[in-house]
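Participant: As a plain string of letters, each chain reads:
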Amino acid sequence: MNSAEQPSRDSSERPRGFLRSYVFSVDHKVVGLQYLFLALLAVTAGIILSLLMRLHLAWPEVHLPFVHGGVMLPEQYLALVTMHGTIMVFFVLTTAPQNAFGNYFLPIQIGAPEMAFPRLNSISFWLTCVAFFCLLAAFFVPAGAPISGWTAYTPLSGLGDVTGSGEGAGQTIWIVSILIFCIASILSAVNFISTTIDMRAPGMTLMRMPLTVWAWFVTAILSLLAFCVLLAAGILLLLDRNFGTSFFLPAGLVVNDQLQAHSGGSPLLWQHLFWFFGHPEVYIAILPGMGVVSHVLANFSRKPVFGYKAMALAICAIGFLGFLVWGHHMFVSGMSPYSSLTFSVLTMSIGVPSAIKTFNWVGTIWGGKIQFKTPMLFAVGFVSLFVTGGLSGIFLAQPALDNMLHATYYVVAHFHIVMGVASVFGLFAATYYWFPKMFGRMMNETLAKAHFWLTFAGTYCIFMPMHFIGIVGEPRRYAEFSALDYATALEPLHRFITIAAFVTAAAQLIFFWNFFRSMRRGEKAPINPWNATTLEWITASPPPLDNFNGRYPTVYRGPYEYSVPGATEDFIPQNAAGDETERRPSNDR
Amino acid sequence: MQSFRASFAGQGGATGALRASGREEGSAAPAAILALLLTILVLATIYIFAARLFLPPAAITSIGLQVDHQYLLTLCATGAVFVLAQLALALTVFRFRDHGQPVRFSRGNIAMEVVWTAATMAVFLGLGMSGRKAWAETRFAAPAADVVQVEVTENQFDYSFRYPGADGKFGRLVPEMISPATGNPLGLDENDPGGKDDIVTASLTVPVNRPVELLIRAQDVIHNFFVRELRLQQDAVPGMIVPLNFTATTIGRYEIVCTQLCGMEHHRMHSYLNVVSDADYRVFLARQAAPQ
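Residue numbers (the working numbering), protein chains in the order written: chain D, 1 to 589; chain S, 1 to 292.
Same shape as in the complex, but just chain S (with noise of 0.2 angstroms):
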């Protein structure tokens, strides 16, 4: 009894800027602009995804195919949640403004946590199993036999693509050898007779329908190789050699970048990749192993 009245000795009650009861004026302008203001967000998102305003280009590969399908999947499961949860907070908030209704009282709702936890578990954890498969098949599943290997060395600040060329082998590199300036830039060992045929060029060109396996790898910082029609990307680490594996299915020109912070020129980083025809494949190699 003593410590209640004594807790309550000088308390702001009545002067309080809260009313303990009683309706407190213009609430009804904050909840209206509230709600309005999340309707707004809905409404705007929803516009701008499903008038497809801001689209990646479209994917060349079957997997890509499968990981706009996953996007896809996401994007309705988190696309809905994201709708009935702000709507839901903009007609809470309008509803329940205080216009002297009584407060309906509760602790909570054990039956509806469960219901409600159990839910997100089923789909947070389905989203999370229906999109490995696009994962595991670019970077699990081992090359098939006729599979084109092209090494990809990323430097600052720029791409070089070396192709084993007509025996199959890639030469030896040597650190110590990288000379750009005499036209060694991946410091080939020029003792190793493997090496000798081997192309580098500037920008990837490789056939179309045809498994390509990319070995990404990195002289000096680590850089990365994204190209959004493959709906892929990968850093290039160095010290590590990492394979990419995919199959194009579209004749083009496509753009790489570097996505990977890698110094003061990291934003021009960039080169082509070539999907071009079987015989295109041929004639390309056959330019590029001509002396010069």
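So here's chain D without its partners, still in its complex pose (with noise of 0.2 angstroms):
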């Protein structure tokens, strides 16, 4: 398509009505929107869990006002876990990096009008938010939601209620929703890796693409194919549950002293199957916020992407590469020794990849024109957590030390800093960084300072204790520790951690309150508030309904054109034709 065609939908076309227009939109601008909204409220959601099992761990006789009951039971403190680790992962961490950023900034990013299927992108987000509330359900059966952690592990899941509270119908709901989520998840693929490969505007090379969009179109491929296998893994275990079948179950399994009518299955199959999945989705949570830190730290260092090709090539080796190392999740599963080996090679492999990006990330600052405004801020964040995250999970992918650390608090803090607070540094610097664009309004600088600082100081004040916690080798999924002899000495640190949590989660509203307050009065925002390079940003804000207004861009030059030198200005936009050099007419303005 080159800009001379004209796009199949007259930019004036505007959809009737309040349902067309804001409900069932088909326009990728206000899908993006509203997968955005439903991660801020799963998120809270979310939190509000953490916080009601951090209160339970650090005083247990403390009554809590949401408790039926007052003081926590055992299989109320799992069922919280299970619930957090469930809306966290999937309703937050895989929806908003990708399908709310990735949604609204993909075809502007690439100079496309629209998403490749309009309808399938809306269709995808429905269904993920029905998804949402049928999680929710969970909780309001009578015997409450299920207690097997968002892992749920064989036979545990596999059996119904016998093996425990929230094992019957909450574990039934939970498997639905997931399933749901799944199909929505396998379409918005679809949509992603068609727009990306079809769409580019005349110009647009792959090599002059945006790194937030090679991670959004890595991601969706790894979306793609991991998905199907969470899809048919789901169906499996529903079936061992309500049909009879086991996939999962072996023979002789005597739960509560009553046999168990089963045989023939493994439940490490549910463990390969799950961690198949599994892994590839903790990269789904973490490559988009890389792509965006990339960018980010170009445009307020003034600097190109040190390495753009390196850069580019390690993205789609670290999705390669998350396909391979899945067993290590399995070391002291009971899967064969050599497999651990093999598995342990490949995991510190991919540590290369990631190192190379860190580099660049460092390289790309060094010798900059460092403007702090907060998504920068938030981008120099992620860079010092991914370095924390990752670097503990060079512990955890060596077998000999699994034996110590598995299942312990050390493997909470090196997921938890990596998915937990870096992906949401990532998230956080894209909201901070596109707000403008999507409002046509400025955030509060002052408040989003305040926001970086509590936040970037709180979780670590949260999560470096909890490696420590597990050195010691306080096992994790523990509503309590009282019959453990040797956790007494680790109560202040839960305590520590606990306090930590609040005062983060508290420091949150600030966020919350510039967010929606900025939407209706924040300072409007001009065209391209940052200096950017990028299609985006040669657009309204917030864009019209076919991005642009009819006039397509062509693109000339790479995404990170900063600071070239001879140029008039410290930034060239991708679609600025002809010689840099070259100065503008002062009658342009």
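Do not rely on the hints blindly, as some may be mistaken.
Stated by the list, open to error - As a list, the in silico SDA-like pairs of lysine to any residue whose alpha-carbon atoms are at most 20 angstroms apart:
1. K133/S to M335/D
2. K449/D to F94/S
3. K133/S to S336/D
4. K449/D to R517/D
5. K133/S to M330/D
Think of the hints as simulated: they come from the structure by calculation, not from any bench.
Take the two lone chains and join them into the complex the hints point to.
Facilitator: Right under this line is the structure:
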């Protein structure tokens, strides 16, 4: 498609009625915002659940207002663990980085008017929404939400309520919710891949795509392949529970003195299938954030991304290798120890492209002229957190050390720092960066900075101590520590973590206040407040329905032309033709 | 030319929140605070590790000491990278804050990419290789001739330990015969003569300095067997029997905990490993074998 062709939809054609404009809109920008608001709702729920968990761990005897009966029971704690993990991993970290910002900005950044399949896009969102409310329903069945963790290992999750409270209807609802989510994700991935391959504007070669687009594209491929496997695994689990099959259940199971009528299945099969999905899933959660960080670091350092090609290749390498390492979640699972060594080598090797990205981020900032706006602060914070979280992974990648650290708080520290903090910092960077474009208004910079400082210090205070708790050997998913001889010495540390968690959670109110207030009352935003180079910054804030008002750009240069020697401005937009040293006539302003 | 001009139409160049040239007011403060926070992070972390504030208990096997050695090696390598990376970040954000300086333009440096990629690969693969032995010896090695075999059965929510008794044979287990109420929690087949002298206990007693092989299994859901002092843990998976080998070198009582989420009482599921002298072990076996 070249800029002379008219888009299939006239830019003046607007959908009629509230439902078509805002609820069932097929405009990718509206869909992106819908995902963003769903993720904000989900993260609020997820944080509340985690605060209840932390309260209980620090002060187990305290009566809690929301808990039926006052003092939290172990099954209630485990239900919180399960639902917190499920909500955060699926409905925050899989939706927001990819589907909120990706949906909004992928088409615009490649110069396209729309996603490849707009109606499918809207369906994906609504299925995700249905999945979310279906999941929440698990809290309201009589026996409560499932207690098997977001990982739902069998046979604990495969036999029904004989294994524990919440394993009946609660677990079934959980599985159904996840299946719906899988379908939504697969459809969305198809959209992203098709759009990126087919709908780039003239001149937008692969090597001129912003790194955000690379990240969304590779993430979509991971999503497509990984969610298919989870979908299959979830169906098999449902069959085991409700239709008498035995995919994951061996013979001779005796639960509560009752012999179970299953045979021939393997609990390890569930783990293989789940983690074959589960490991790419964590890269789905982090890759878009990596793209945003590269993008933001370049913008606010006024320098190109250091080693753009290596960065794009590293995204692809991380995506590819991400499919080969799932067994590192299973070193002590009973899997062959030879397999463990193989997975260990592969896992260590995935550290290489990750390290390349980290070096190149520092290389991007080095020699720059850094403007410390809040998107930049969160991007730098991401780099620090990714270093910390990535390095703790080196310990876990070795089976010999996993003997000591598996299923302890060390693992909890590791995945929270990379997923719960770094990935979320990527989301904050994206939000602060693109807010002016999405809403046509600026966020309050003072509140934004306050939010950053409290969150950066706060999250480190929450999760660094967990490494030490794990090194001492305290297991995870424990409702209480009273039965553990060596846990009493760790109680002060748990209380410190809980206090830090409450302070940090309170700091997020600053963000919410700033976000919603600025939507209505923020200072009006110019088209390009950050003097950025990529295509979303050449169109209005917010963009018109077809993104470019009919005047589709032709791309002449790469995405990070900052401070190019000889140029008149310290940035050159991607669609700027001609000699970069050309002086612009003064009547152009 | 046309599109170049057109793309600038309406751009908020002069009114944008970022100035293309000139100094941004007050950028020294965020830079300084960020650098300071990163430095505090590094110093606090170094202190906590150097002062050895949080340590697991001492290892009681020689392989456990190898695991500790590998842990220390990994800690040194990753610790060095952690310190250097965080401080490099701190230094960079502070040094290159906008104070009116020109940008040092660069698109990258292939030589540097090659060097740091190779260095990273060498460190990571080196660490991976050096940790192989500590894993292999507990998982691959065939047990010695005088090995003490103990079968570990886990269920919601306790541990049972079965010794083969004087005949050295484990009796057959039949799930249908499991009946804790009548004193047969493991489902020992009464008709199997090999099981007549089997000893079943609630805690694990082993002799010091003798190779021990645990045969780990589960009755209902996945559990786990973890002893910190052994530097060993292993999931107990229904339908499988997983061997685990160790030789304890220090007499004492050590806690066994379950680390694999197994249900509502997961946090209460624990037992004890008693490492005793040879003499005490013989006494233990004799006392257990005596008719009740």
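Participant: Next step is simple, just say for each hint if it's right about the structure.
Facilitator: Verification of the hints:
1. K133/S to M335/D: OK: K133/S and M335/D at ~18 angstroms, within 20 angstroms.
2. K449/D to F94/S: holds, 17 angstroms
3. K133/S to S336/D: holds, 16 angstroms
4. K449/D to R517/D: holds, 16 angstroms
5. K133/S to M330/D: holds, 19 angstroms
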